[in-house]
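There are 2 protein chains.
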Amino acid sequence: MSEYIVKPERPGGFLDFLPEDYLAREKMLQTIENVYRRFGFDPIETPCIEFKKTLSGETSDTGKNIFHIKHTDDDEPLALPFDHTVPFARILAANPYNARSKSGIRLPWRRMVVGPVFRADSPQHGRFRQFYQFDADIAGTSSMIADAEIIALMVLTMDELNVSNYRIRLNHRKILNGLSFLCKIDDRSSISQKIIVCELMRILDKLDKIGRKAVFKELTRAPESPDDPAPHLSEDAISKMDAFLDIKGSNDQKISTCEEVFSGIDVAIEGLSELKEIFSYLSAMSIPLTQIEIDFSIARGLDYYTGPVMEMELTDAPEFGSVFSGGRYNNLVSRFTGKELPAVGASIGVDRLFAALNHLKLIDRSKQTVTDVMIIRIAPDHDADYLKMAHDLRIAHIRAEVCLVEDTTFKRQFNYAISRGVRYIVICGENEFMENKVQIKNLSTRQQVEIDSNMLVDYLMKELAKKTENEPTSEVATAS
Amino acid sequence: MSEYIVKPERPGGFLDFLPEDYLAREKMLQTIENVYRRFGFDPIETPCIEFKKTLSGETSDTGKNIFHIKHTDDDEPLALPFDHTVPFARILAANPYNARSKSGIRLPWRRMVVGPVFRADSPQHGRFRQFYQFDADIAGTSSMIADAEIIALMVLTMDELNVSNYRIRLNHRKILNGLSFLCKIDDRSSISQKIIVCELMRILDKLDKIGRKAVFKELTRAPESPDDPAPHLSEDAISKMDAFLDIKGSNDQKISTCEEVFSGIDVAIEGLSELKEIFSYLSAMSIPLTQIEIDFSIARGLDYYTGPVMEMELTDAPEFGSVFSGGRYNNLVSRFTGKELPAVGASIGVDRLFAALNHLKLIDRSKQTVTDVMIIRIAPDHDADYLKMAHDLRIAHIRAEVCLVEDTTFKRQFNYAISRGVRYIVICGENEFMENKVQIKNLSTRQQVEIDSNMLVDYLMKELAKKTENEPTSEVATAS
Chain A
75 MSEYIVKPER PGGFLDFLPE DYLAREKMLQ TIENVYRRFG FDPIETPCIE FKKTLSGETS
135 DTGKNIFHIK HTDDDEPLAL PFDHTVPFAR ILAANPYNAR SKSGIRLPWR RMVVGPVFRA
195 DSPQHGRFRQ FYQFDADIAG TSSMIADAEI IALMVLTMDE LNVSNYRIRL NHRKILNGLS
255 FLCKIDDRSS ISQKIIVCEL MRILDKLDKI GRKAVFKELT RAPESPDDPA PHLSEDAISK
315 MDAFLDIKGS NDQKISTCEE VFSGIDVAIE GLSELKEIFS YLSAMSIPLT QIEIDFSIAR
375 GLDYYTGPVM EMELTDAPEF GSVFSGGRYN NLVSRFTGKE LPAVGASIGV DRLFAALNHL
435 KLIDRSKQTV TDVMIIRIAP DHDADYLKMA HDLRIAHIRA EVCLVEDTTF KRQFNYAISR
495 GVRYIVICGE NEFMENKVQI KNLSTRQQVE IDSNMLVDYL MKELAKKTEN EPTSEVATAS
Chain B
75 MSEYIVKPER PGGFLDFLPE DYLAREKMLQ TIENVYRRFG FDPIETPCIE FKKTLSGETS
135 DTGKNIFHIK HTDDDEPLAL PFDHTVPFAR ILAANPYNAR SKSGIRLPWR RMVVGPVFRA
195 DSPQHGRFRQ FYQFDADIAG TSSMIADAEI IALMVLTMDE LNVSNYRIRL NHRKILNGLS
255 FLCKIDDRSS ISQKIIVCEL MRILDKLDKI GRKAVFKELT RAPESPDDPA PHLSEDAISK
315 MDAFLDIKGS NDQKISTCEE VFSGIDVAIE GLSELKEIFS YLSAMSIPLT QIEIDFSIAR
375 GLDYYTGPVM EMELTDAPEF GSVFSGGRYN NLVSRFTGKE LPAVGASIGV DRLFAALNHL
435 KLIDRSKQTV TDVMIIRIAP DHDADYLKMA HDLRIAHIRA EVCLVEDTTF KRQFNYAISR
495 GVRYIVICGE NEFMENKVQI KNLSTRQQVE IDSNMLVDYL MKELAKKTEN EPTSEVATAS
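Going down the list, the sequences are from chains A and B. Under my numbering, the first residue of the first sequence is numbered 75, with each subsequent residue one higher. Under my numbering, the first residue of the second sequence is numbered 75, with each subsequent residue one higher.
No lab work stands behind these hints, which were simulated from the structure alone. In this text, all values refer to a predicted model and were calculated from it rather than measured experimentally. Any given hint could turn out to be false.
Which copy is meant is left open, so a pair is good if it fits within one copy or across any two.
[Stated by the list, open to error] With a straight-line Cα cutoff of 25 Å, these simulated SDA-like cross-link-like pairs (lysine to any residue) come out:
no. : residue 1 : residue 2
1   : K127      : H142
2   : K81       : N169
3   : K126      : H199
4   : K126      : L92
5   : K176      : T483
6   : K287      : P151
7   : K291      : R486
Chain A on its own, in the form it takes in the complex (with noise of 0.2 Å):
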């Protein structure tokens, strides 16, 4: 058919999920949905394609790394979502509630998505360009009740997979709002002081990578142009900073010091008084403060963040970097309205989340296959039995196929049971079918036993039955 060979290469930074591994991450992921459902959060769905014009508008740092679809008959350019919250806030947008008609989304509105998302890096980078990533959200409320049950739903989703060593650290983006004050920065004749401030946060954010002396280094550096954004610090202010990054003690202690660094400077008091709040919250869920740590030095990169931010990273395999991620963002529906409207959530980063779990042995990988039932072929000219036996089990909700190895041998059709890890096995020859018998063998145990064909659904349902009691792997196990 083709009279040239490609090579079946995959680009890099992008997976295949083979079973073994699709089945291990999709239960992860069913973990992780089943717990954001218990918040409330219902699910929707949103294209792998949107508009460029609906994406662009954020930092630069994010803006560069789209994927963007060569020109269509489209008015406009089309381009790959890098994250779920853009699109979120374009449905919020283009689905005001209206009262009278009782359509579109009634505020506030809990929403959870889970898919694809990418990001346009150089395949050399080694990174994912596209990665899952798995969303809960609130829009439509200010109330700290919401932040806090983000920060909820980060430990309980935790628990649910079995992970107990991690850091969340929790910031707040009034409190960097303040540094502007602290530090002085005021509009410059060609770029505004809000530019400046983003500036400052995008530089903050490097300080896990680069360090305190290189960030100040970069702080204190003069504009080359009218419209460098530097932030330009004076010695005074770089001393000031020094002092707030060296905020130490437990979390209340943070908070009182804090407060005493920026009295006067009401939008950080502000900030700090929401935190303050939400650990009363977090307190009355009996959620454990001691990996929640207050972290001053947290930025998080993009520019739409106005409230409380937050980061989780796993204790036990911190190279792996965040893995759950989130904050408010009160502005970012107004890209498309003109009106602020709030909204907090959080995001994990699915397959970062899978590699790292892997790496700490903390993923279910023990099935390899869906299948239970395994139907071996030994006699000829018995196939229609065989396709009767398998599809009866199939009308019965057992998951079963008929061995379809070329090489008809036993020999050959039991190494291929064993190999794809099928949990029994039907072996009926010339013998059995003659005395209407049917023997099954189960491959964990490898014993054997002879019934009536007539009793082989029966038997097979209330094996797997009991077999599924403890993990549930086929519809007969969950379908009472």
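Once you have looked at the hints, place chain B on chain A.
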């Protein structure tokens, strides 16, 4: 934040799924997936971006509507897959089984995949440009057992979706290949017989749309240039084609008449014999043959089919076209390996099927939300207590949310709970807090009970387990 307003638009041909649609479609997908897994199809996932070279090589009618990614740093151009079959072939080619290391894909391989595919149609066209396909394929066997199982899969899937009015049309590419002998199509100096036969198939595929007369007109058209693949059939060939398309009667009658028409043309006789074998297997499985009809006019556009081909339409909604179709393709992997690998499979056009079943009112749209219980906040200063209630319920796997409506009058919160489709509300005012009581109202029956607040979790667990006996919606109902 943004200086200008972006319209919250979605490009044409792309869909959003809001919770009610999402939950209805999720249920349909779960039903399909359960059936697929009963046949032993193991799930995989491949990325939304592939090398363009992997996807190309198809006939012009699929090649031209691929979404291409704008230039990246990759060595090869990138594009979005238009189906799951080509990536499946890539995976098969890239992971040959290694008996020594026991790695790679052991054949035969049954795999399923569900996810988005992309077609770069014009946005004005009104077609989906992104839609889910749900595929099941068996690679590594040429046995007609596999082809029969694919048809059984189609039938069982419809049974589980409660769809009884459908028709599966079945043909065999080898019979169509026999047409080239019947019509005496030979190599021409500048163009091979194979290309001309492909063109013949492409034209025949339009029978349903444009009718026999228009098809014959296209078939007799003389080539306009040396590389024009026009089949250019003679009058004699057209009359044979006419006789062939006239074949009528039961499936058995069609097969025997066809055997006469193609007497002496081996390839067609082989195809007919394979169809007979498939029917013998379908009979053994008691598949209702009245809904399966041999139709020599269906060809299916994609040129990778080599054996049986099948298409299902819903007889009550034929305007939606084919919703489930497939066939045998023994050559596709050779694009990557140079060697044939037999494979057969079928694919559901998920979003088309969902639209059709919606139209037929066969979609369960009873769920608007995942939330079962809503905690109403009527006592000021008790937010931490309300959060604790929600948290206790969530720990017990009950789906609960705290009502975050900004106006905390009872009436507003009650209306919100009603409009969200929640099943129970929990009411606890100052009095109840003082007496350690709590009110629970069932929003379907409007019954309200007062219980001790420490019984809240137990009471709701029992209520939800009762309510969900028939239709599990909460983990509570499925956890046992």
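Hints, verified against the model:
Proximity of K127 to H142 under the C-alpha cut-off of 25 Å is found in both arrangements, the shortest distances being 11 Å within a copy and 18 Å between copies. Taking CA atoms no more than 25 Å apart as the test, K81 paired with N169 passes between copies only; the shortest distance there is 12 Å, against 46 Å inside one copy. Proximity of K126 and H199 under a CA criterion of 25 Å is satisfied in both settings, with 24 Å inside one chain copy and 21 Å between copies. For the identical chains of this complex, K126 and L92 are inter-copy neighbours only, at 22 Å across copies versus 32 Å inside a copy, given an alpha-carbon limit of 25 Å.
Taking identical chains as interchangeable, the C-alpha atoms of K176 and T483 lie at most 25 Å apart only when they sit on different chains, with a minimum of 20 Å there against 66 Å within one chain. Neither within a single protomer nor between protomers do K287 and P151 lie at most 25 Å apart by alpha-carbon distance, with minima of 42 Å and 42 Å respectively. In the homo-oligomer, the alpha carbons of K291 and R486 never lie at most 25 Å apart, since the shortest distance is 68 Å inside one protomer and 54 Å across protomers.
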